[in-house]
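Peer 1: Spelled out, the chains give:
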Amino acid sequence: MQAFQYKKANDVDGAIGAGSTAGLKFVAGGTTLIDLMKLNVERPTMVMDINSLPLTKIEKTADGGLRIGAMVRNSDLAHDLTVQKGYPVLSQALLSGASPQLRNMASTGGNLLQRTRCYYFRDTAYPCNKRNPGSGCSAIDGYNRIHAVLGTSEHCIATHPSDMAVAMVALEASVQVKGSNGERTVPLKDFYFVPGSTPNRENVLAPGELIMSVTLPRLADGTRSYYLKRRDRASYEFALASAAVVAQMQGRRFQRIRIALGGVGTKPWRSTEAETVLESHEASAQNFRKASEAALSGAKAMHDNAFKIELAKRTLVRALTVVTSAA
Amino acid sequence: MSSSIVGQAVTRIDGRLKVTGQAAYGVEHRIQNVAHGVGVSSTIANGRIVRIDTSEAEKMPGVLAILHHGNFDRMYRPAGSLEEMSRPGESRPPFEDENVYYYGQFVALVIANTFEQAQDAASHVRVQYEAKRPFVRLEQVPAPNKSPDTQSSRGNAEAALQQGPVKLDATYVTPVETHNPMEMHGTIAAWEGDKLTLYETTQGVVNHHNVASQVLGMPPESIHIVSPFVGSGFGCKLFPWPHSWLAAAGARHVKRPVKVAVPRTLMFTTVGHRPLVQQHVRLAATQDGKLVAMMNDVLQHTSVVDEYLENCVDATSMLYSCPNVKAQQYEVPLNVGTPTPMRGPGRTPALFALESAMDELAIKLNMDPLELRLRNYAEKDESSGKPWSSKHLRDAYQKGAERFGWSKRNPKVGSMRKGNEILGWGMATCTWPCHAAGADVRVRLLSDGSAHASCATQDIGTGTYTVFAEIVSDKTGLPVEKVKVALGDSSLPPGPTSGGSAATASVVPAISKATENAIQAVIKAASKAPQGPFHGIDPKQLKMTQGRIHIVDKSPDSGVPFQEILASQHLVGLDGKATSGREHRSYPGDPGPEREKYSIHSFGAHFCEVAFDPEIVRLRVTRWLSVIDGGRIINQKTARNQILGAVVMGIGMGMLEETVYDPRTGHPINNNFADYMVAVNADVPEMECIFLDYPDTVLNEYGARGIGEIGLTGCASAITSATYHATGIRVRELPIRIEKLLASA
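Quick mapping for you: the protein sequence lines, in order, are chains A and B. Under our numbering, the letters of the first sequence match residues 34 to 360, in that order. Under our numbering, the letters of the second sequence match residues 2 to 746, in that order.
The set of hints was computed from the structure by calculation and includes no laboratory data. Treat the hints loosely; a few may be bogus.
As the list claims (entries may be wrong) - Under the rule of at most 20 angstroms between Cα atoms (straight-line distance), these lysine to aspartate or glutamate pairs were calculated in the DMTMM-like manner:
id, chain 1, residue 1, chain 2, residue 2
1, A, 333, B, 740
2, B, 133, A, 174
3, A, 71, B, 117
It should be emphasised that the depicted structure is a prediction, and the values quoted were computed from it without experimental measurement.
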């Protein structure tokens with residue numbers, strides 16, 4: 034770990050004012066940043082602690098949605114009654130992630146910004162385009178069982194590791210960010226970049242911009258949602274494949290359906306292809322399979338991760354089955 | 002002995018210290034003025050160091066010294082022998098030369114005032130290598146062209162194999178596994194003049210002491226090893242590793258105590274692992290399931306610098322009755338750190354292959370897998386021709402089958418269901434050989450009414466402290482709370498390594514005899530005490546019960562508490578000492594060398610249920626039963642803990658664990674607890690363990706055997722057999738993974 038200066042932000046404007054300082058990183062729960070600093074992957078010269086910023090509320094919005102402060106801890110969000118009742122997919126996704134200790138620390142904003150678990154990104158002995166642009170990707174010809182099959186490029190195949198963000202993408206969440214030029218709102222599906230030739234650029238945040246909150250739109254009455262995560266062991270592991278489904282039914286037909294996949298994409302993967310297959314169609318095993326084929330139609334397997342394509346399809350089929358059979 | 006504490010469920014006497022954080026583990030000892038050593042480790046697996054540039058790091062704050070092969074006094078190579086208790090983990094001393102044999106080998110040590118300073122400076126040491134292609138997988142190297150490293154044969158297996166009407170030919174692979182005890186390795190070295198104290202976390206205080214003396218070139222009396230608590234080891238702390246010597250040399254260099262804590266990443270490289278083992282098993286049997294031939298060709302890796310045998314030949318030749326057996330095993334050197342025993346070494350990979358093969362053979366024979374085991378039951382050890390000292394495996398099979406409900410098993414694949422899931426039932430045999438090593442124990446009865454037992458052996462979390470207290474309590478009648486136990490210190494009477502499940506069987510006879518000797522010393526004092534109630538009475542007419550000395554045929558109430566006798570003689574205490582070991586007759590009636598006439602093994606059976614959700618390829622272990630014939634159980638609580646803990650490890654071995662080397666670099670790429678999967682609580686099902694509790698008095702007076710390892714053997718094949726039963730997929734290369742099960746349904 035490289036030596037760094039530590040400052041505590043007292044208010045949002047102060048944080049944003051300092052935010053564009055070269056070498057500055059905000060720290061919230063620290064569950065990604067501190068790890069990566071210990072590994073010399075992140076080497077900030079100044080760390081600004083935003084834990085005392087007043088961004089800890091979960092509140093209803095005027096149009097019936099939910100605004101979640103950036104500093105709301107994952108545990109608090111997962112156990113919030115409004116979330117559990119109104120957005121079960123989000124609570125399920127949060128509780129499937131990490132461990133209770135990590136969830137107690139991790140913040141909503143920080144979870145959105147967590148870095149990939151790619152072995153080669155985390156070890157400075159290896160070339161990595163995300164960490165050191167232009168140095169090459171070690172995962173493409175390396176051991177890539179946990180890597181992405183969707184949204185990859187010849188420069189990077191790392192997955193986005195968040196469960197929470199997958200549920201939020203399916204919920205069509207938006208992110209409120211604030212910088213020195215003011216506040217803006219970005220739909221979460223547009224918040225992340227696919228790696229392309231610049232895997233070091235992961236999202237739309239400009240230097241110094243701070244996530245203020247995440248807003249979930251109001252869901253139509255009777256909307257059902259579900260998150261299913263597949264992995265090797267039963268807990269404490271990133272997804273090999275996961276599916277978040279938010280569905281509004283009219284009888285046996287999908288009136289509206291939103292689908293996102295985790296563990297398989299270079300970003301939380303919204304699948305409009307699968308949605309198109311299902312929307313205004315009947316909930317049936319055949320249609321579920323068709324939708325899952327559509328969701329993975331652009332998938333590209335590497336040496337060790339071909340199984341993820343079939344696993345993701347089956348995970349999505351099961352999630353759709355569960356969400357449509359709920360009482 | 003029915004009211005004896007031995008055999009009951011006794012709470013660990015050190016439990017409170019541990020759960021309240023007062024037990025000081027290896028690097029937790031508070032040593033004044035300690036400096037911190039952080040290793041720089043190689044990022045190549047094969048080649049040499051061309052240049053080490055320390056100029057930038059040396060100027061960093063707090064840096065005291067940077068040691069490497071270019072500025073380091075060579076150490077000695079240890080003579081190394083298991084029998085002499087002087088075996089190193091890696092025989093090459095650190096910084097011996099510029100050569101690099103494996104990824105994660107120490108190439109420099111930075112010593113600084115604080116850990117952070119040392120860590121930071123270590124990341125600024127620039128090492129330039131000349132790298133050669135590393136060889137980290139068996140398939141990268143040619144098949145061995147040499148005579149086997151070990152073998153066993155009887156009859157004519159090749160010929161018999163041709164004739165057997167029902168044949169099985171399959172290859173099984175167990176991957177590299179890393180021990181990963183919770184407490185990582187680490188050493189604090191502190192010099193006082195020319196005397197050295199090493200605070201360690203070791204499974205072998207005496208062994209560490211002996212090797213330290215050899216490697217550092219110091220007389221043994223100048224070295225003191227302290228390891229009172231060990232946060233488990235699973236084998237990787239049996240033998241010392243290079244960081245211990247680096248701490249010693251570093252402390253001498255900077256003239257301050259130095260602490261070297263091995264980080265989790267290097268736990269995967271420089272402190273041993275279980276090597277990959279590939280077993281080509283061929284079986285032939287008659288139509289009614291009698292084995293006529295067994296062959297096992299075993300290939301395993303070792304390191305470039307050391308030989309290491311993961312012996313799968315032994316189990317192949319002793320487990321079943323079969324007239325024609327041939328097993329041979331080869332070691333293949335690769336660019337990995339030196340392997341070391343991991344819980345159930347040899348038998349664990351061997352039984353994965355053998356028990357899987359038996360399950361497969363049973364399917365070919367259309368026979369119940371348990372019935373096949375019974376038809377080939379070994380009534381004696383056919384590899385040595387010796388009778389078993391005590392074997393009740395048939396009993397274990399039967400009790401297990403009844404308890405598990407095995408007769409309800411429908412052998413048809415995928416035929417048993419529960420809700421949306423398919424159930425699979427599997428079983429396997431488990432076995433572990435019983436050893437006993439020498440132990441010296443001192444027991445002192447003290448004038449405050451307590452007892453104090455001591456031995457240099459260590460408690461690695463398995464309950465050895467409590468075993469000592471129980472035996473002393475059993476012999477004296479003192480409550481366990483009145484027995485203090487000191488272990489894990491080389492200044493105490495020498496004791497065995499905690500390995501091979503031998504510690505309990507090794508120390509129990511010596512504790513027992515030492516306690517008897519201490520009691521006799523008090524009795525003699527009583528009979529000599531001029532004013533005492535027993536003056537002049539023949540010591541043979543006296544005994545001690547419930548801590549009271551009394552006349553043999555009178556009630557203990559008529560006697561006197563032993564401490565009063567000590568007090569009346571102005572004695573602080575009286576000692577009893579005893580030695581046990583193969584060469585000693587350690588208790589009255591001990592068969593001693595008679596033991597050599599027997600083959601001594603523990604046995605047992607695992608029964609496992611898995612539930613498989615085919616659509617989402619989710620496999621879970623849902624029920625487990627182990628029935629163990631492990632001699633007399635000294636402490637039901639800690640024994641149960643050993644078996645269930647081993648089964649949890651078995652679930653990890655069967656379904657999750659694998660150290661993956663990147664073939665380009667030789668780097669274990671999943672070298673942390675997020676990427677190297679072990680079973681977590683949520684993976685652990687309802688588990689049950691039954692001990693048959695037949696004393697094996699050939700081994701010792703109490704009939705106790707060690708039970709630390711047997712629980713892991715056989716687990717993985719019980720799981721893969723259950724998995725086959727559920728899915729129709731036979732996983733012959735561990736671990737079972739989602740991708741291997743995708744083909745089903």
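Peer 1: Decide, hint by hint, whether the structure agrees.
Peer 2: How the hints compare with the structure:
1. A:333 - B:740: holds, 16 angstroms
2. B:133 - A:174: Holds: residue 133 of chain B and residue 174 of chain A sit about 19 angstroms apart, inside 20 angstroms.
3. A:71 - B:117: Holds - the C-alpha atoms of residue 117 of chain B and residue 71 of chain A are around 10 angstroms apart, at most 20 angstroms.
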